[in-house]
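Chemist: Position chain B relative to chain A; hints supplied.
Listed below are the residues making up each chain.
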Amino acid sequence: MSTTIIDAEELTREFVVYDGGGLRRTRRVVRAVDGLTLRVEPGEAVGYIGANGSGKSTTIKMVSGILTPTSGSVRTCGLRPVPDRRVLARRIGVVFGQRSALWWDLPLEESFPILAAMHRMPRAVWLRRFDVLADELDLSSFLARPVRTLSLGQRMRGEVAAALLHSPALAVLDEPTIGLDMISKENLRRFLARERAERGTTLLLTTHDMGDVQRLCDRMVVIDGGRVAFDGTEADLVATTDAERILVVDLEEPLTDVVRLPDGASVTATEADGARLSIAFRPRQLSAAQVLAAVQAQGEVVELSLAEPAIEDLVRRIYASGASHTASPPPL
Amino acid sequence: MADARAQTRTPVDLAPVTWWFMVRTMVGARIRAQAGFRSSFAADLASQLLLAATEFVEIYVLLHNAPVFGGMNLAQATVVYGLACVAFGVADMLFGQLDSMHSFIREGRLETLLVRPTSLLLQLVTADVQLRRLGRAAFGLAAYLFALSICGVEWTPDKIALAALAPVGGILIFGALFLASGSLHFWVLDGQQAGNAFVYGGRYVSSVPAGALMTPVRVFFTFVVPATLVAFVPSAVLVDAPLPEFTTAGMAWLGIPVGLALWAVVLLVWRAGIRRYTGAGG
Chain A
1 MSTTIIDAEE LTREFVVYDG GGLRRTRRVV RAVDGLTLRV EPGEAVGYIG ANGSGKSTTI
61 KMVSGILTPT SGSVRTCGLR PVPDRRVLAR RIGVVFGQRS ALWWDLPLEE SFPILAAMHR
121 MPRAVWLRRF DVLADELDLS SFLARPVRTL SLGQRMRGEV AAALLHSPAL AVLDEPTIGL
181 DMISKENLRR FLARERAERG TTLLLTTHDM GDVQRLCDRM VVIDGGRVAF DGTEADLVAT
241 TDAERILVVD LEEPLTDVVR LPDGASVTAT EADGARLSIA FRPRQLSAAQ VLAAVQAQGE
301 VVELSLAEPA IEDLVRRIYA SGASHTASPP PL
Chain B
1001 MADARAQTRT PVDLAPVTWW FMVRTMVGAR IRAQAGFRSS FAADLASQLL LAATEFVEIY
1061 VLLHNAPVFG GMNLAQATVV YGLACVAFGV ADMLFGQLDS MHSFIREGRL ETLLVRPTSL
1121 LLQLVTADVQ LRRLGRAAFG LAAYLFALSI CGVEWTPDKI ALAALAPVGG ILIFGALFLA
1181 SGSLHFWVLD GQQAGNAFVY GGRYVSSVPA GALMTPVRVF FTFVVPATLV AFVPSAVLVD
1241 APLPEFTTAG MAWLGIPVGL ALWAVVLLVW RAGIRRYTGA GG
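Just so you know, the protein sequences line up as chains A and B, in that order. The numbers in this note's numbering rise by one with no breaks, and the one at position 173 of the first sequence is 173. Throughout, this note's numbering is defined as the position within the second sequence, counted from one, plus 1000.
Excised from the complex, chain B in its bound form:
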């Protein structure tokens, strides 16, 4: 009897552990921990939602008084805001943990992660997956879809594809910004503020109609930190709003390729950072 049970159990229990199973185990524990504090989780989620909504009021007030801002009306600007919000919310949930790199380094906790056989990046991003950050993403998604529906978009297969892919590109771009900001800590121990300037500056720029920005600022946040590619350019193409100079309709599709290219570069920087941390002085 016991033998029979052992036989049926053994194949499962001795199965090799896949990467995917490992990630699920690492993330699952975090999520169960948050579910354990149901009321505080609900409050966190609600506060994230409220925060995102408050930021939106800024755009609302602006456009209420000036009907066209950066070449967009209120509904069109809401598309931009919603899209940026979804992208940032999801990226923040996945990679926002890299914000706390400085405390990992300062408290020496990085060393406890380095003596494990799992990649440092994976350990860091799964160390504290915050589901409450979905509050912002949920608000953004609702705003994005609602605003698109009232903008009178003439849906073509192209536009449907763009509307679906744009958030993916945005998540990639913001994720890369989080990682870049985290990498900075390997060189500058108090690099938190500098890192935040890019991440949160990028978030702000991405959420407003960039047509209203001064050209040099806009060029910087398009070609250096590609924040306008997250939401403004794809939104403008989706809702047929005018594009400012140096920006073309084709650039609406650049979110994913630029995001991937950024990841490739930033991962190299990250690796260099780890090498510096473990490195031979200097």
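Okay, chain A solo, but in the shape it has when bound:
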């Protein structure tokens, strides 16, 4: 039973936009998603990254059956999302970060029997699942409080529990950690990672937060202008963009001479009167070991650290280059 969870082929969605008002208004067709091809297999965790207006939300709406594609095709859990929307709804769980799916003025715990009834889950089944969710997401302290009085972090935990109550095969999470503090973010990420490991739940995560992607996803899809600009792992992203890594070394004594480095490496900063050096190098040309060896030939290294390029920078590079990169063919 390994139906491809998301199978999108040349998926395109256009919107008609009207500019101006009255008699002078003009009709303009905007392509939010433009020939997007994407396959997600069961159990994958995909970080779907893109700037505002890059087509992320539109893709999610087409995948979950809220929007019909203008052209191209998409299957979610083997179903046609829009015609089979209500059947599909039982196999996917969607969290819209900005919009609540909970009953605003009811205590949080009251949302779950209603959702369970909508999913036609027998009492014994949903109660068992709810107990697990309430425990892992640590909901117990605020279950009795009306949703409108919950903090953002508490509410989001409730939203995630609500979306996953029916144990969907695919969880689509649109900006799940937006506005959360570090601890709430980390707890939510830990929960989602466990959910995936234990149940094989496929995760599709749109986010601005690269921490989410790094902690949760083994695959990143960067979308730009409605097209896939990059599809691969974080390592692929580093290799593709060839962004500089930084090696910071502390020397026992400052070097008296100018440090000699192999081609492709350069000192970007000197601190502590020359006892601490920051050396930038390109991963395609040099390994960290080669750089370190060059420094050690000239002085005693007592401490070192290696800084990876910020993933935000890498994505920015993808955007800046404008070209499409597909590091590896999508796994089959």
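What the hints contain is simulated information worked out from the structure, not anything from laboratory work. Keep in mind it's a predicted model, so treat the numbers as computed, not measured. Misleading hints may appear alongside valid ones.
One-sided and incomplete, this derived list gives chain B residues near chain A with beta-carbon spacing under 8 angstroms [unchecked claim]:
id	residue
1	Leu1014
2	Val1017
3	Glu1111
4	Arg1116
5	Gly1279
Per label pair, the in silico range of CB-to-CB distance [as the list claims (entries may be wrong)]:
id	chain 1	residue 1	chain 2	residue 2	range
6	A	Glu312	B	Asn1196	28 to 38 angstroms
7	B	Asn1196	A	Arg80	31 to 41 angstroms
8	A	Val30	B	Leu1062	37 to 47 angstroms
9	B	Thr1018	A	Arg80	26 to 36 angstroms
10	A	Arg86	B	Ala1249	58 to 68 angstroms
11	B	Leu1131	A	Ala124	23 to 33 angstroms
12	A	Thr149	B	Ile1105	20 to 30 angstroms
13	A	Ala51	B	Ala1261	46 to 56 angstroms
14	A	Ser141	B	Leu1014	25 to 35 angstroms
15	B	Asp1158	A	Ala144	50 to 60 angstroms
Here are a few chain B residues that sit away from chain A, every Cβ distance over 12 angstroms (derived from the structure) [to be verified]:
id	residue
16	Pro1016
17	Thr1018
18	His1064
19	Ala1127
20	Leu1134
21	Asp1158
22	Gln1193
23	Pro1257
24	Leu1262
Where a beta carbon is used, it is the ideal one built from N, C-alpha and C, also for glycine.
Modeler: This is chain B only, laid out in the frame that chain A set:
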């Protein structure tokens, strides 16, 4: 011991969930939420009652000064008002939530409903069942029954059946108007006012003796928006008041069939609306 308990519990707990159970769960939560605010609920109910009573004063004042209005005296006009009030009150409680379609669309909340395995219409109408709207229905029912009792109706099996079925037809017709008004939002985002014109215009027309209306207006609110079929025509037949032109006694029975026909049409429009919302642009 634990095994024995598990055995007695399991059949109930694993029973398949019926549609009816689902609806009861959805509505039950709303009703419990309102019961939680007892005093505000009581105040809401009272204000609805007062509002309905105030509207009735208008008819009272009119008929106090002109003893016959649209072919009806005060008691007969009260039958019309009461009947329209019951029908609208119940329909408003059941379907009035569709008034807020525009906010569901604008705030994107419709999307959260669309990713659930339950019909959108059912989710919307159960999203906020307002028991306080029963205030109007209760006032209407009291006015309807009291006015019928003082009109000196000669009760026959036919008239008893008509008196009982007329509110049902009215609820169906107003329900369809609410749904039509809600459907409008799929096409016109700020269609609230246009929708209200039909729903609340229909309510107003239905609650007065339509014999007093100008013929074109009356024809519109009989054959296009069937508001006069809700209360005026059945009431006129019940109390033997004269019927205006283009209206026959047989039309008193049209409430339910017309209501059902309207539902059939409006449901098609509603479906088309959802298809438009999820549709491929345009």
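Chemist: Each hint needs a verdict: does it hold in this structure or not?
Modeler: Comparing the hints with the structure gives:
1. Leu1014: holds, 5 angstroms
2. Val1017: holds, 4 angstroms
3. Glu1111: holds, 5 angstroms
4. Arg1116: Constraint on arginine 1116 (chain B) satisfied, holds at 5 angstroms.
5. Gly1279: OK, holds: glycine 1279 (chain B) within 8 angstroms of chain A, min 5 angstroms.
6. A:Glu312 to B:Asn1196: 28 to 38 angstroms: violated, 49 angstroms
7. B:Asn1196 to A:Arg80: 31 to 41 angstroms: Hint holds: Cβ distance 37 angstroms, inside 31 to 41 angstroms.
8. A:Val30 to B:Leu1062: 37 to 47 angstroms: Violated, since valine 30 (chain A) and leucine 1062 (chain B) (Cβ atoms, about 56 angstroms apart) do not stay within the stated range.
9. B:Thr1018 to A:Arg80: 26 to 36 angstroms: holds, 28 angstroms
10. A:Arg86 to B:Ala1249: 58 to 68 angstroms: violated, 45 angstroms
11. B:Leu1131 to A:Ala124: 23 to 33 angstroms: holds, 32 angstroms
12. A:Thr149 to B:Ile1105: 20 to 30 angstroms: Distance hint for threonine 149 (chain A), isoleucine 1105 (chain B) holds at roughly 26 angstroms.
13. A:Ala51 to B:Ala1261: 46 to 56 angstroms: At 51 angstroms between Cβs, range holds.
14. A:Ser141 to B:Leu1014: 25 to 35 angstroms: With Cβ atoms ~30 angstroms apart, the hint holds.
15. B:Asp1158 to A:Ala144: 50 to 60 angstroms: holds, 56 angstroms
16. Pro1016: violated, 7 angstroms
17. Thr1018: violated, 8 angstroms
18. His1064: holds, 44 angstroms
19. Ala1127: violated, 8 angstroms
20. Leu1134: Given a closest Cβ separation of 20 angstroms, the condition holds.
21. Asp1158: holds, 43 angstroms
22. Gln1193: holds, 19 angstroms
23. Pro1257: It holds; proline 1257 (chain B) is separated from chain A by about 31 angstroms at its closest Cβ, greater than 12 angstroms.
24. Leu1262: Leucine 1262 (chain B) clear of chain A: closest Cβ-Cβ about 25 angstroms, beyond 12 angstroms.
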